[in-house]
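Colleague: Sequences listed follow chains Z and H, in order.
Residues 1 to 220, numbered by this note's numbering, are exactly what the first sequence covers, in order.
Residues 1 to 220, numbered by this note's numbering, are exactly what the second sequence covers, in order.
Please keep in mind that the hints were generated in silico from the structure rather than gathered at the bench.
Hints may be right or wrong, so weigh each one.
A pair counts as met if it fits within one copy or between any two copies, since identical chains are not told apart.
Claimed, not checked - Below, a list of computed lysine to aspartate or glutamate pairs in the EDC-like style, where the Cα atoms sit at most 20 angstroms apart:
(1) Lys-184 x Asp-196
(2) Lys-148 x Glu-84
(3) Lys-83 x Glu-146
(4) Lys-83 x Asp-171
(5) Lys-25 x Asp-196
(6) Lys-3 x Asp-196
2 protein chains.
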Amino acid sequence: MDKTLVVASGGIDSTVLAYHCAEFKAVELVTFRYGQKHVREAEYATALAERLNVSHDIVMLPTLWGSALTTPGIEVPTRAYDKETMSSTVVPNRNAIMLSVAVSMAVARGIREVAIGVHGGDHHIYPDCRPIFVATFTTAMYVATEGKAEIYAPFVYLTKAQIIQMGAALDVDFAQTYSCYQGKPNHCGLCGTCNDRKKAFRDAGVHDPTLYDCPDLLEG
Amino acid sequence: MDKTLVVASGGIDSTVLAYHCAEFKAVELVTFRYGQKHVREAEYATALAERLNVSHDIVMLPTLWGSALTTPGIEVPTRAYDKETMSSTVVPNRNAIMLSVAVSMAVARGIREVAIGVHGGDHHIYPDCRPIFVATFTTAMYVATEGKAEIYAPFVYLTKAQIIQMGAALDVDFAQTYSCYQGKPNHCGLCGTCNDRKKAFRDAGVHDPTLYDCPDLLEG
């Protein structure tokens, strides 16, 4: 049976992606630890695998360099969501690293398709979420594996609000997803991803079940 | 000053590459451990960094899947160098993984150029050593980093013999390089890379200083 290996962080996008892929094919999940402070999200990926009753690997990468998300002493920005401030949350080349390893794992298992939940809302800050990255990297992976692997990124032109609408239609329980860059038990409600999360639920017209420490602030 | 981050295994190709790059720019070395049985090669990379007096990182990756080079119980082939036998030594997507991580490290350090020693002799077996891989992957890395990183693979159209000739001109001491897939103190002289190494010295007309346990066998 055809399978898809889904890169799953435990956040909204990859959770909806896993439900979406599971509609068509068998899925396996893989989660990457790369020294992110918000490693709590990985627990949500594990719980996701249990709900879908699929296999799940957590792969330890080296702690990646050059980002507020991984560097002790560089604070994750809150309450200023301009491009310049948010750029400290870029982990250089993270998606290429995760996809390269996932492709390797997939080929070794005879799985052709590797799925990732990059989406339109991240294009302005994260270059490795853009359509041109997906296009060029997919070509490189196809070449590197003699056609044994392809990248599936069905959300690349969708907004996060559209992903939430798709997830709602698939009965995804969004309370079982985690996005916050602060990595505390509740979502902080102040960091860039918390703000994006709030906005996306509002724009989608879908109830947001998230427990935020600071529920009221919303910018943009 | 312009710098190049060289992916250095400790073998002939990346050693000559490091000497070559050091002619033009400052270099740093990075070596990857991915569960290879022939981890001895990393010691040669460390010694190379000491000879060049440059910084050197050894990055621990997860043990990669699906190759005789990393899987206990699957033997590294010897004495049969046809494509089918040698294909068990393919580590799926290895170069994409190493380059993705090296690019991430380079960008975090403000280094633009990442060099790798892929060459023409490996094209027939390893798809991630071919010019089309280098071309497509370079494009993807350029896109993923908004032009902050480029791949430099100057040997992609050269044979190993030509690399050895170039190394001889740069006074590389080839006794200080290690290729053998068996990972023992001496080169075995029987595995695919030992055979390639012997052939390349012969074809280059350069003296081979390597200590082989089995010096006489040479196929092709």
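Colleague: Which hint numbers does the structure go against, in order from smallest to largest?
Modeller: Of the numbered hints given earlier, those the structure breaks are 4, 5 and 6, listed in rising order.
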